[in-house]
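Visitor: With the hints as extra help, turn the sequences into a complete structure.
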Amino acid sequence: MSTVFGSLRRLAMAPSLEDVTFVRRGFPVEPSAVTEALESIPQSVICGFEWAIDSRDQWEIERRLALVEPVMRGFAYEGATMALTIRDVMHGARTREFLLGPGQRHIFLTYIGIGFAMARLPRRMWRKVLPDLSGSPYFPTMSWLAVDGYGFDRAYFDVKRWVDQQFVPAPYAWAGDPDYFLRAVDQGIGRALWFIHGADCPAVAARVEGFAEHRKRDLWSGVGLAATFAGGAGPAELAGLVKLAGEFGPELALGATFAVKARDYAGHMPAHSAASGEALTGGLGVKETVELADRTEDAALDGTGVPAYELWRQAIRAHFAGAAAPVAD
Numbered sequence: 001m002s003t004v005f006g007s008l009r010r011l012a013m014a015p016s017l018e019d020v021t022f023v024r025r026g027f028p029v030e031p032s033a034v035t036e037a038l039e040s041i042p043q044s045v046i047c048g049f050e051w052a053i054d055s056r057d058q059w060e061i062e063r064r065l066a067l068v069e070p071v072m073r074g075f076a077y078e079g080a081t082m083a084l085t086i087r088d089v090m091h092g093a094r095t096r097e098f099l100l101g102p103g104q105r106h107i108f109l110t111y112i113g114i115g116f117a118m119a120r121l122p123r124r125m126w127r128k129v130l131p132d133l134s135g136s137p138y139f140p141t142m143s144w145l146a147v148d149g150y151g152f153d154r155a156y157f158d159v160k161r162w163v164d165q166q167f168v169p170a171p172y173a174w175a176g177d178p179d180y181f182l183r184a185v186d187q188g189i190g191r192a193l194w195f196i197h198g199a200d201c202p203a204v205a206a207r208v209e210g211f212a213e214h215r216k217r218d219l220w221s222g223v224g225l226a227a228t229f230a231g232g233a234g235p236a237e238l239a240g241l242v243k244l245a246g247e248f249g250p251e252l253a254l255g256a257t258f259a260v261k262a263r264d265y266a267g268h269m270p271a272h273s274a275a276s277g278e279a280l281t282g283g284l285g286v287k288e289t290v291e292l293a294d295r296t297e298d299a300a301l302d303g304t305g306v307p308a309y310e311l312w313r314q315a316i317r318a319h320f321a322g323a324a325a326p327v328a329d
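Numbering of the sequence shown is given in the numbering used here, commencing with residue 1 and proceeding in unit increments.
No wet-lab data here; the hints were simulated from the structure. Hints are not guaranteed to be accurate.
As the list claims (entries may be wrong) - With a Cα cut of at most 30 Å, we get these calculated BS3-like pairs of lysine-lysine:
(1) Lys160 - Lys216
(2) Lys243 - Lys216
(3) Lys287 - Lys216
(4) Lys287 - Lys243
(5) Lys160 - Lys287
Quick caveat: nothing in here was measured; it's all calculated off a predicted structure.
Guide: Structure representation (structure tokens):
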């Protein structure tokens, strides 16, 4: 059941379904079945947000989300987490309860939902957005996906500034590392490029190529994650993307690996994610990709001062680059 204050928050903070369409956003694409499918992803996020921002209890949120088809459910969980995060900044511990409960299977995406909330909150409130999830798998290692979500949101809704003008935000000491904050933002921008160009592989590659050299590796890993998780391109097109990525092919494979791991962890592997992951990882099947993600997870325990999240990423990248061991930046 809706609440008056919840409805007001929804109207003030959530875009309409039409607002996230590619035509309304002015993305350089022609409408097609692919763009329509991609548009349904942010629309699912909005639905999740609207259900959670004015819901009285978690049971109602969970029941609504259960009605979403499995392939889109994680995105709706993103939106619900965004809403609960915004509510908790004011008062409460709904996000923690949600992520330790029904949101646990979608933890990779729910972290991204926290990032969507960050994009709508003043920085002074960011210290309140990440709940203590001690005991939960991938906490706090994967909390960097919240920063990724922030970068995706800013690029998606302000292409001119964040993509065309390549705006670089001020660093923020997320998890105590302001320098890596900028890299995680770029990973989210890379994901957004997949949507902005409607899964057009040559257009995505050209856009990445236009960025400063030091940003390309993180952008490419974001592209690989989005191409695999969201879909939109076939194996032949993705093979072309790998060629276009050149030396950054391992970054594409890294992103694809995380996408397959996230899909598997959520308990539903769409055919497009399995096929895209195989195309971008050089032929690894779902089981092999998940095993790779799992066996490299220990790299995050290195304790060198590099974020655990990046150490894990380096270990996966090293596999595809044929390196003997990951190298810290």
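Visitor: Could you grab the alpha-carbon distance between Lys287 and Lys216 and see if it respects the 30 Å cut-off?
Guide: Holds - the C-alpha atoms of Lys216 and Lys287 are around 29 Å apart, at most 30 Å.
Visitor: Would the hint linking Lys160 and Lys216 be met if the CA-CA limit is 30 Å?
Guide: Answer holds: Lys160 to Lys216 is near 18 Å, not above 30 Å.
Visitor: Decide if the proposed pair is consistent with the structure: Lys287 and Lys243, CA atoms, cutoff 30 Å inclusive.
Guide: 25 Å, holds
Visitor: Has the given pair, Lys160 with Lys287, been kept, meaning a C-alpha gap of at most 30 Å?
Guide: Violated: Lys160 and Lys287 sit about 40 Å apart, past 30 Å.
Visitor: Run the distance test for Lys243 versus Lys216: straight-line Cα separation, threshold 30 Å.
Guide: Holds: Lys243 and Lys216 sit about 15 Å apart, inside 30 Å.
Violated hints amount to a single one, hint 5; each of the other numbered hints is respected by the structure.
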